[in-house]
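Q: The listed protein sequences correspond, in order, to chains A and B. So in the working numbering the end of the first sequence lands on 127, straight run, no missing numbers. So in the working numbering the end of the second sequence lands on 127, straight run, no missing numbers.
Simulated from the structure, these hints should not be mistaken for laboratory data. One should not assume that every hint holds.
Any copy, or any two copies together, can satisfy a pair, since identical chains are not distinguished.
Stated by the list, open to error - Here are the computed lysine to any residue pairs in the SDA-like style, where the Cα-Cα straight-line distance is at most 25 Å: (1) Lys-34 - Ile-113; (2) Lys-101 - Gly-84; (3) Lys-36 - Leu-63; (4) Lys-101 - Arg-118; (5) Lys-36 - Asp-64; (6) Lys-19 - Asn-92; (7) Lys-101 - Gln-29; (8) Lys-82 - Glu-114; (9) Lys-19 - Gly-99; (10) Lys-22 - Phe-104; (11) Lys-36 - Glu-2; (12) Lys-22 - Gln-79; (13) Lys-22 - Trp-100; (14) Lys-22 - Asp-72; (15) Lys-22 - Ala-67; (16) Lys-22 - Gly-84.
2 protein chains.
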Amino acid sequence: MEESLRFYTEILQMEIVEKLQKTEPTRGQVVTLKSKDSHQLLELNYYEDDTQFGTEYKNGEELDHLAFDVEDLLGTVEQLRKQGVEIIVEPNSIGSAIGWKEAFVRDPNGIWIELLERKPEPRKEMR
Amino acid sequence: MEESLRFYTEILQMEIVEKLQKTEPTRGQVVTLKSKDSHQLLELNYYEDDTQFGTEYKNGEELDHLAFDVEDLLGTVEQLRKQGVEIIVEPNSIGSAIGWKEAFVRDPNGIWIELLERKPEPRKEMR
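Isolated chain A (complex conformation):
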């Protein structure tokens, strides 16, 4: 939890909305985060090993990645690289044929994080 919190708040600069300890029904830690100017919530959960929710941690294929809008893809990636974040997919290596400026990095738990620069027009739903 500490390592994940550091990643999402210090590196990705999300804000803590709510922090709960030993909450029912799981007795786990729950930290709710959001990005500035966003209503979207990301909930971090930690379960102790000896509880019914403390199952073996494994990465799956079903909920595959989280995506964040960024204003400056190249600058963001260089900043993250300096902070020790693993860059999985470098900018300009995928998506550029269809006008996407994007990269992927990895969070401390191995979760893929997509960084997406959408300019000048955001995608259809924002028009």
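Chain A is fixed; fit chain B onto it per the hints.
A: This is chain B only, laid out in the frame that chain A set:
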């Protein structure tokens, strides 16, 4: 993809923002969805088996579930049950000690979907 689209658009009533076929770099299908009055996007991806992204499908523990706000938890769950959706955690069985009205259902791929009724006050970030 067809079964998932039916679940998210007909049953959960999300709207299609964008629908792409055989897109680079994955050559996969990408359908972007949103709920009414929300800017949050949910992207469905289908990859053909013989591509580098068409790996074995398995459910993991890392990105655990998706949560949706609902106005009427009990009514929503009864409606979903009638439509054949599996209810994993019934209303009032967890969370009620701390004032949460919630339930969990399963999507066609086994992904847990949390339904959360937050009244009268939404959580801190919405105030």
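Q: Run every hint past the structure and note whether it holds.
A: Here's how the hints hold up against the structure:
no. : hint              : in the structure
1   : Lys-34 - Ile-113  : both (15 Å within a copy, 20 Å between copies)
2   : Lys-101 - Gly-84  : within (22 Å within a copy, 40 Å between copies)
3   : Lys-36 - Leu-63   : both (24 Å within a copy, 22 Å between copies)
4   : Lys-101 - Arg-118 : within (7 Å within a copy, 37 Å between copies)
5   : Lys-36 - Asp-64   : both (23 Å within a copy, 23 Å between copies)
6   : Lys-19 - Asn-92   : between (37 Å within a copy, 23 Å between copies)
7   : Lys-101 - Gln-29  : between (35 Å within a copy, 19 Å between copies)
8   : Lys-82 - Glu-114  : within (18 Å within a copy, 37 Å between copies)
9   : Lys-19 - Gly-99   : between (39 Å within a copy, 16 Å between copies)
10  : Lys-22 - Phe-104  : between (33 Å within a copy, 21 Å between copies)
11  : Lys-36 - Glu-2    : within (21 Å within a copy, 35 Å between copies)
12  : Lys-22 - Gln-79   : neither (35 Å within a copy, 33 Å between copies)
13  : Lys-22 - Trp-100  : between (42 Å within a copy, 15 Å between copies)
14  : Lys-22 - Asp-72   : neither (38 Å within a copy, 28 Å between copies)
15  : Lys-22 - Ala-67   : between (29 Å within a copy, 21 Å between copies)
16  : Lys-22 - Gly-84   : neither (31 Å within a copy, 34 Å between copies)
Violation of the numbered hints given earlier is confined to hints 12, 14 and 16; the remaining hints are satisfied by the structure.
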